[in-house]
Each structure stands twice: as structure tokens, then as C-alpha cells.
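> Spelled out from the first residue to the last, the chains are:
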Amino acid sequence: MSFSNLQRISIHYDEAVVQNMIAMIKHAPFPSRAPIDAKEPWTLGIDYDYLRELKHKFETDWQWARLESEINRFDNHLVEYSTSEGDQLELHFIHQRSNRADAIPLILLHGWPGLFADFRKVIEPLVNPSSPEVPAFHVVVPSLPGFFKSTLPRREGWNLFDIAKLFNSLMTDLLGYKEYAGQGGDWGSMIARIMSNKYPESLTAVHFNMFIATPSGNLSELSESQLRLLQRSKHIGETGAGYRNIQKTKPFTIGIAIASSPLAILTYIGEKFHDWSDPARVDPQDTIDIAALYFLSGSFATSVVIYSQTPKDAHKIYDTIDLLNLQVKSKAFGFSAFPYEISVGLKDSIAPFGNLTFYKEHQGGGHFPALDSPNELIGDLREFFGKKLD
Amino acid sequence: MSFSNLQKITIHYDETAVQSMVSMIKFAPFPSQAPIDAREPWSLGVDYEYLRALKNKFETDWQWERVEGGINKFDSYSVDYTSPKGDQLELHFIHQRSERADAIPLMLLHGWPGTVYDFHKVIEPLANPSSDELPAFHVVAPSLPGFFKSSLPRRDGWSLLDTAGLLNSLMTELLGYKKYAGQGGDWGAMIARIMSNIYPESLVSVHLNAFDIPSLDDVDESTLSEVELRMLARGKSINETGRGYGSLQSTKPFTIGLAIASSPFAILAYIAEKIHDWSDPARICLEDIIDTVALYFLSSSFATSVMSYNQAFKDVSGSNLNSFESFSTLEVKSKTLGFSAFPYEIDIGLKQSVAAFGNLAYYKQHEAGGHFPALDSSEEFVVDLREFFARNFD
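Chains A and B supply the protein sequences, listed in that same order.
Under my numbering, think of the first position of the first sequence as 14, with each following residue one higher.
Under my numbering, think of the first position of the second sequence as 103, with each following residue one higher.
It is possible that some hints are incorrect.
[Said to hold, decoys possible] Going by beta-carbon spacing under 10 Å, a handful of chain B positions derived as facing chain A:
#, residue
1, Gly147
2, Thr343
3, Gly348
4, Ala361
5, Ile369
Simulated from the structure, these hints should not be mistaken for lab results.
Every value quoted in this text rests on a predicted model; they were computed, and no experiment measured them.
A virtual CB, placed ideally from N, CA and C, is assigned to each residue, including glycine.
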């Protein structure tokens, strides 16, 4: 397995391409009203008026130039990766070095429908805190294979364990960080968990904002906030899992279909960003930014493939025994519980999986804390990883 | 409830609208290769090469005029309807009268992702058979509410029960057919079954090509023939890997509906997989798929069509038909029930299963054909209806 052809890159899309995307949004077939009058907003999927406002914002005051410069504030790279099994892919990642000698190498892992850009509000504060008392980090943010500019190998069967190996090698081999810290949510949390299990001597401290663990113990004795997390998780499971069913069984269909229209991407992921985030904090501009990045990079269709490529059984994701029983072997294990997270991580349910030294419950924030609660996330990472330092 | 403002209509879309659709297909973002190399074609969803062939055909030699001419061969109508609950909608239906005095009134019901055009190959032979020995039919083929030119009421809760009431009224009140026959597949089969249960004195004889029972695991395999075992295996396989669309459409209809409706190419990719996977691959043709996609796109009905998955058993106060489970044990009370089993059907009806729910007077096992038999096996479909209804209507 090897890396080659490492390049520093700038993220750029031609004006014509950007204008074409906006024109497609503007002229996309869009009804003058919702299909029917939902009894309750958001109970039948994305709210029609919310979507109309998103569309309007996208067509009028959204600017690609702003997003492009935000992303290019960071050091973006592209590198080729190939394995001894013959898999080849191109990997995109941000590598932002701190000036601090005591900076901790930290890999941040996104999920779906997120992207590396989820972390753009937290990178700078983590890398260059305002005080030398506060921990600093060398931050690495890869795009998962199939997302943005990271490609997928052609082989059916490339799975989370392969990604975990890739990211560990990225940190230890390519970037030379023999010991590093990691943070993950959504798919990123599954990958970080595998890394903490397979490479604990390298990934020595790991933080999650999502952790799949079957609620256990005496559920009737849960605190009010823990109970709310549990109820939310159940509700999402009952009413919000359809996307997972179709993406794990027919990724080509839904992927290619949605990818063909920027309004389709905006609609499809707009519902997720709203439903999975703190509604008081979710920013429509963040949603449009991510939709634009998916469309411009042409990566939507490959992004959903991850749902169909799990190690054991392609038709069960979270039910795969291998993943559910994975122990966190890293020396330190931390968790931040945001109330609008979609998959519950009760303290007593996740504690058995490792040395849980940090569990913080928040009053606001959701599944994308780097977007909707960046200050809280930064605070938690500083507190947890800083504590870990001897 | 009432009907008003009945009008004979012609189906027409302007050349600019059609060209705009074809242009959107042509310029739709489409990758240069499949996302990854699937181990088996169609195992990860729509086959990339098949989709590319469809796209090419749509952009080059497909002609809307043929479809428009095809559908306008039949008498189309539009009528305003107000339900007992006060719901209002516009209903489109084809009403093709036979010249024969002894013709049987017959309602044909489509499903999703079908349209009333699914029946375009069978309406004429059914209405005007070549011989007086063969039964003739007055054919009524409605567009289900939310499909093609039939609108949905605004209310969140218009269920299959409501549609059943509407369609029975269409036949008995508006068209004056006090007793009639019915045929259905997909949603059409579910609606016909409900109608056979509630209005058996009107829907006196019903034919289905799709059927639902509580669980395929309940089937006693020891008595099944080889073809039946294959159908059972197919049904179970579809349930395991082919129902994601149903799960998404029943929980987030606005999301998937509005998203897919925004691009004719999205509709093409999404629907093509279903029509291909649910049909006899040796018989379904690209044209049938593109025609259907064009009808959905030009009528802007895709988003309302998927509402059916969310609304089917909703708000059914006064009835215990409030879930798929309660539906799947519903008895067919019409005097006679007929069933045609096509091997590529996905909602399989084994003889032993169907016979348990009604007076099964006719069961024909086919060696070819699928979920859209009027499209992929039109001749066999016509033969079966003639055979069944000739002996069993009234």
C-alpha cells in the first residue's frame, strides 16, 4: 500500500460551471405549492416553504466565490493511494499545521450528507487558539472516498475497514504522525471507531459526537435529557430511515437520479440538514454550500455507495455484529452528546466500549456540531484532548 | 358527494414543453461511468449502460407525437369531484365504449410507477374484439388521484378507502354502470380489492394480477410447483432488497417527490429501475419506460404520485383499514375473483394464498411477463380477461 504524487491544490470551479448550476436551480421544475397541505410541517418530508426559501437564496444572494475562498484559506492536498489488493483512489484532504510546537495531530472525519467543509468553522480556532494555555492542533480533514474530490476504487466491496486503514496510513505514513487524535460523527464515527480498535497505538485518543450502541441498562432510570436523546433516536428510526433503505439497496438509482439536478440535491440533503440539526441553529447557507460542493464535484452518486458496501452483509448496516461490538481501544475515549443527534449514545450504553473519560451533554446542537455548534465542539475537543495530555 | 363539469378532453402538450424536457435529458449531469463496478448488473440499482441507452433513445429517436396520438385514440374525460368528506379533486379517465350491446363495463386500475397509458395496448381489443364470440367491454381507465391529470385533494389523509369510494361512484353514478367488472395491479389491485370488499353488489367480478398477504413466510412451500417456488423466492428477494423506495416514499414523500420531479432524467433513472426490475426483462421495452417517464414529467404529477405511499391508510376514521396489515387480510366479496400469475410479478399471488380470500373462479399461471402485464404481455392479458369475465361476470 502506498501514497504517491502528493500535490498541494486549490479548489476552483469555473464561473461558467457555477453559473450553469445556478441556472439549473433557477429553471428547475418546481411546483407553485406543496403536493398537499401537511397536517404538521416537516412530517411529510422537507417543508415546501423552507425549500422555496433555500432555492430562492441559492438563486439570488448565494456566492460561490465566498465559499471558494473560505475553503482555500486552508491547505488542500490531493494524493494517490494504492493498496496491495489493487485498489486505487485519489484522496483529497486538508492539512492545516499549527505554529505551536506542542500541537496535537488531529484527524476530523465527516459523514453523509456532510463533507470535509463541515469543519471549516472549527479548523482555524483549533490550529491557532488565542492563548498558549489552550491546546493547539495540527488538523487533518480528509474527504471520505467517494465524497468531494476523493474517489472510490472501482471494486465493489471497498468498505469501512479499508477506509480506516487508509486514514491511519495517511496520518502515520504520509504525514508522519505516529500518534494522533481523532474525531468523528456519522460515517466518520464508524471509521474512527474501527481505527480506535485496529490502530490504538496510533490513534491514542478518540472523540465522537455519534456512537452506535444499543440502549442498555435500566432505561426507566434515565435522566430527562438522556431520555429525550433516546426518544429522538427512536423517532428518527421510525420516520427518517427511508433514505438509508434505498441507499443501501439501490445506490446507483438514487445516486445518479439525485445527482442529475442541483435542486434535487438541495431538496434531498436540505431535509436531512434541517431534521438532523438543532432547528434554532441550522443555517440555510451551510446547507446550500454543501449542496453546491456535492454538485460541482459531481460526487453525489459516489457518496451514497458507502451505504451499500459494509463488511458483512450489504443489506444491514448498523446491524452488522462486527461493527456494533467494536471496542474502543484508544487510551482515551470521549463523547459529546448534542440533543438533536439522530442516533442515541447514552452514557451507560457507550461506557462499556472503552475507557470513557469524557461525556458532555449539551443544551443545543445536533448531528453536525461543527456546523451548528462550532464553539461547543471546539471547547469539548480542547477540554478532552487537552486533558489527555500529560 | 358529486360530480360536475364533465368534459371530453384531448391530451396535448406544447412542442416547447416537450423540447424543453428532451433538452433537460440531453444536458442532465450524467457520469462517464458507473459509480463503481457492480459485481452483478442491477444489483446496486439501475444498470449504468441500460440507463445510458435509455437516455440516448430519449434524446434521439423517441417522439412525443406517438404517445399523444396513442392516448388520444381513446376518449379522455375530466370531471370535478367532491367527496362525502368535502374533498375536491379533478379526475381524469378514459371511457372507451364498445359498439357491442352486450359489452361488460370494465374498470382498469393502474399503480405506481404506472399510468393509465399502461393499458394503451389492450383497450381497443377489449372494447372491440375481432369476433362476436369474444366478450366485449366498455372500458373505463381512470388516472388515480395524484397521477397524470388527476389531482389530489389538499387534505393530508386522502386514503385508498377514499379512492375506492370515488371510483365506485364514477362507475355507478357518473357513468351509470350499476354492475361492473374490475381489473387491477399494484395500487390498482389494492384499490380493487377494497372495492370488492365494500361494494361487492356493484363490483361483481374482479380480476387481479397482484396480491398481498400478511407475510410470505406464512406460505406452505411443500405443495408449491417449481414455478411457484421461483415466484415465492422472487417475492422474498424483492421484499429484502427492493422496497427501499416504498420506505422512503411513505415517510418523506415531499422530499423524494420534489427532488425527483425537478429533473426528467431523475424520473427516468428512478422509474426505469422499477419498470425493468419488476418486468419480464425479455419483454419490457425502452419505449414503454420513456413513454411513462414523459407522462409523469409533462403532467408534473411525480411529486403527487408518491403521496400514495404515505396516504394509503391514513385518517381512515370509521374503518379498521388503517394499515397494510389490516388490508392484507381483506376478503374479496365480489361474486367471483380471477387471478393471472405472471412470473416477474413482485406482489405475488400464489393460488393457495389468493384462494383463501375470495371465490377464486379463475387462476392462470403464465410462463412469462411481469408486474405491468398490459405493457409487457398485452395479448395474454386480454385473453385472460376475456376468458375470466365471459364466464364469470354476473
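> Provide an ascending list of the numbers of those earlier hints which the structure does not satisfy.
Hints that this structure does not satisfy do not exist here, as all of them hold.
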